[in-house]
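Line order of the protein sequences matches chains S and U.
Position in the first sequence counted from 1, then plus 1137, gives you our numbering.
Position in the second sequence counted from 1, then plus 86, gives you our numbering.
Check the hints yourself; a few may be wrong.
As the list claims (entries may be wrong) - Pairs of lysine to any residue, SDA-like flavour, derived with a Cα cap of 20 Å:
id : chain 1 : residue 1 : chain 2 : residue 2
1  : S       : 1151      : U       : 272
2  : S       : 1329      : U       : 295
3  : S       : 1329      : S       : 1375
4  : S       : 1648      : S       : 1752
5  : U       : 222       : S       : 1148
6  : S       : 1329      : U       : 252
7  : S       : 1329      : U       : 202
8  : U       : 222       : S       : 1375
9  : S       : 1145      : U       : 295
Everything labelled a hint here was simulated from the structure, so no lab data went into it.
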Amino acid sequence: MARRQAIKNHGLEKAILRHRVIFAVVVVVLAMSAVLARLFHLQVVSHEHYITLSTNNRVRLEAIAPPRGMIYDRTGVLLADNQPSYILELTPAGVKDMDDTLARLGKVVELSELDLRRFKRALRRSSSFQPVPLLFNLSDEDLARFAVERHNFPGVEIEARLGRSYPLSGTMAHVIGYVSRIDDKELARVDKTNYRASTHIGKIGLERYYEDILHGKVGFQQVEVNAQGRRLRVLERQSPEAGKDLVLGLDASLQAVAEGAMEGRSGSVVAIDPRNGDILAMVSVPEYDPNLFVNGISSKEYSALRDDPEQPLFNRSLTGQYPPGSTIKPLMGLAGLDYQVTWAGKTMYAGPYYMLKNDERKYRDWKKTGHGTVDLDKAITQSCDVYFYDLAFKLGIDRMHEFLDAFGLGKRTGIDSTGEAPGLLPSRDWKRRTRHQPWYPGETLIAGIGQGYMLATPLQLAMSTGAIAMHGKVMKPRLVKGIRDSRTGEVKALPPEQVNQVDLDNDAYWKQVIQPMVHVMTQRNGTGWWRAGRGAEYTIAGKTGTAQVFGIKQDEEYDAESLRRKLRDHALFVGFAPVEDPRIAVAVIVEHAGHGGAEAAPVARKIMDYYLLQRLGINNKSAAKEGT
Amino acid sequence: MRESEQTAYYLARDIIRFLHVDVVLFLLLVVLISVGLVVLYSAGGESLALLSSQGVRLMIALTGMLVIAQIPSAVLRRWSPWLYAVGILLLLAVLVAGEMGKGAQRWLDLGVVRFQPSEMMKLVVPMMVAWYFADKPLPPRLVGIIVSAVLVLLPMFMIAKQPDLGTALLVGSAGIFAIFFAGISWRILIGMVASGVALAPVLWHFMHDYQRQRVLTLLNPESDPLGSGYHIIQSKIAIGSGGLFGKGWLNGTQSQLDFLPERSTDFIFAVFGEEFGLVGAVLLILLYTAIIFRGLHIAVYAQDTFSRILAGSLSLTFFVYLFVNTGMVIGMLPVVGVPLPLVSYGGTSLVTLMAAFGMLMSIHSHRRLLVH
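Use the sequences and the hints to build the structure in full.
Here you go:
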């Protein structure tokens, strides 16, 4: 260190620095002189010119909100629209006595407490020359009454704007979501310039996920204003760029059929085109009217929705996590075949229960007498639990986890919407991580019939059923299949996305599981035959399920009858059709309804009938011809 | 009587010494901040809420300055490489987080506070360069210049990639000033500037569309009379109509009637020019210049290489803030998002600027007074 210091020449260094500082001072002085010279030019030499400009300055720059993109279904039915609506605005600088004005306004138009509170909150945040909205969606009567009285209200203006409206109201609520007023947190997230004139932003669902595409680009205009700031004419205009439209793969009529089939119940239906992952229908009931949220829902209406025990705000299709129950059995059968722990035609005796060595517990079948001698076909057709206890025991949880994971269970599907839940595919690792406990063999058996820790969303069930239909082609489910340019009408199709390809050792395994699923719907002892399979004009493959509900939350209070209902099993069904050339895969969950074959399967049948017979015109004959 | 006056004087001197405050710099800053609050009150539409939130930020920034003033420059020097390493890691984290969030990302959310690593690099880069040259014989050799250039360019590119071009340029100029004060030869310096100009097309390639658009409209404001061109036109009208003595406080029609955009942030100098005229503007610029010169004075009297380079670089960076902001408001320079230092509304640059003054005070107040 000392040696190096010795080389340093402190005198020289100081001299260098001194020179450099002198140079810097010269630069600073020159630069600041340039600024001062420019100021002198502006403020003294050209002062007359600028003072004239300033006194005549009536030109203001205003931002124009871009029209938001529309949302259409696959056939062109409008699902989200922009409707002109009238807004009553106050510019604080133009209002002499705010309280008096508001009181007098209340006599002309209808003002609620909520409107006033919201207005006063907005007032505090904005500058006094900026108009603050008081009332959205003025009725024609209010409009007419105010027009007559307008001269008595300086600083109060009517603004025409485009407001979001959802013509199908509740039917699409859980698919599209809604827009609502922008809050401060969202304003911090977005490009402020681009949202300068925007009042609304997508909050959930497609409206949120595709916000960037739907919103468009802000426009500007120079307007001439009078002394009070009232607009006289537009001088120059840079038009906003409208947001792009979304084209869904969803079929609004099919959605209505599915909604009708679920009427009066709680649950979810998801129908997918298994070839490309397009969501054809996605229903979560009960529903709510998204139009309520657009201009701010009253707290009374909101708490009614929030406290409804049937939870209409809860999007069951994406966020609801249910035990898959027996609907997991086809996948378990495939796993058993692929790992060769069972094979087609291999029989076993299935009594009323199954037991493990060194375990007292009896793992019971749903059928008290047992199923007798069963093979894989009969076990799926009649939903024999004991057969799958045995299969699960032979597979072990590690191989089950690996196999089911390939079909997309236990993780988010990546659908283009918000709020998706991952479901739960249990494993040794998961249990150690979250519960700090080892995995017990008994839990493997329970998982084998889709109970215990295992949870899946209706969307995941539809997706994995579609993958069975397509012999291992796992498609990412998607709502939007194209983006439409609202000006040219040109639609840019989005390519479907395959997330995985499950290859089995022997392609025949697919048939060996799909055939029993057909038997579920066609054989007299099949669990789906009586209520759903009978008389179908095309071949359906399906599997019913009944998921146990474990108790209720302690702090919830229910009267005896609703308590009994809440403890009843969920009814489930998964299926696809036509088997020869699958065009639709469906998952149905009816909460607390009891048996899947009786309650959920008929819903799926109605949807398939409508879609295949009415929309596509497919029946036995044409299916046989087309099937390749 | 005389005696008690003298006691008071000594007491004050002791307190100042104890606090390691440079009185000249401190008084200049206090005057500037007070003027700033007065203008902000007018520019913000007489909003007390705006004023008080700026007041809170100022208190935080002032406290930060006093804390840093207590740290001897030798300690700052020892910390420099560590701060630099941490800064680079944080920038990397921001880039990774931005990559995952699929969008522009400048902030690092630490739960309690949100933190902008690029802001901290405005101080850390000149510290690092000063640390690097501290124990080397100066003027630097070519190898030393190349190493220091890499030290500056690495964080600069990471910040430009965020993308935050304004901050990248400020960080870059802070680093280049440090190399300049280390005594780099004029020929190499001119060569570097020339190659920087030659690199502009490469930078252009890295820019996002909105940044390119901004550069284009800055070069030709009339091409975009509705965007930043409008800003310039209105701010020129505001300043020009102010005349010699101004329209008076709270009486600027341009600013009060909402013709002037961003009047409490980047364009606050136009409000000042409109309401206080040329006389006010000259006084304000003299005040700023006095602060810059006091910083350069501290650099000249600093006792070691590290302090000299750091003090010089920080003072000139302050000058760049001032020049770029006033230059853009009067239509001399393109519109870049650089605030008027210590006056514009907003907290991020405030803390860094006051921290820089804390360092200057520390350098000046921790000198060992050996020779009288």
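So, going through the hints one by one against the coordinates:
{"no.": "1", "hint": "S:1151 / U:272", "in the structure": "holds (17 Å)"}
{"no.": "2", "hint": "S:1329 / U:295", "in the structure": "holds (16 Å)"}
{"no.": "3", "hint": "S:1329 / S:1375", "in the structure": "holds (18 Å)"}
{"no.": "4", "hint": "S:1648 / S:1752", "in the structure": "violated (27 Å)"}
{"no.": "5", "hint": "U:222 / S:1148", "in the structure": "holds (14 Å)"}
{"no.": "6", "hint": "S:1329 / U:252", "in the structure": "holds (18 Å)"}
{"no.": "7", "hint": "S:1329 / U:202", "in the structure": "holds (19 Å)"}
{"no.": "8", "hint": "U:222 / S:1375", "in the structure": "violated (58 Å)"}
{"no.": "9", "hint": "S:1145 / U:295", "in the structure": "violated (48 Å)"}
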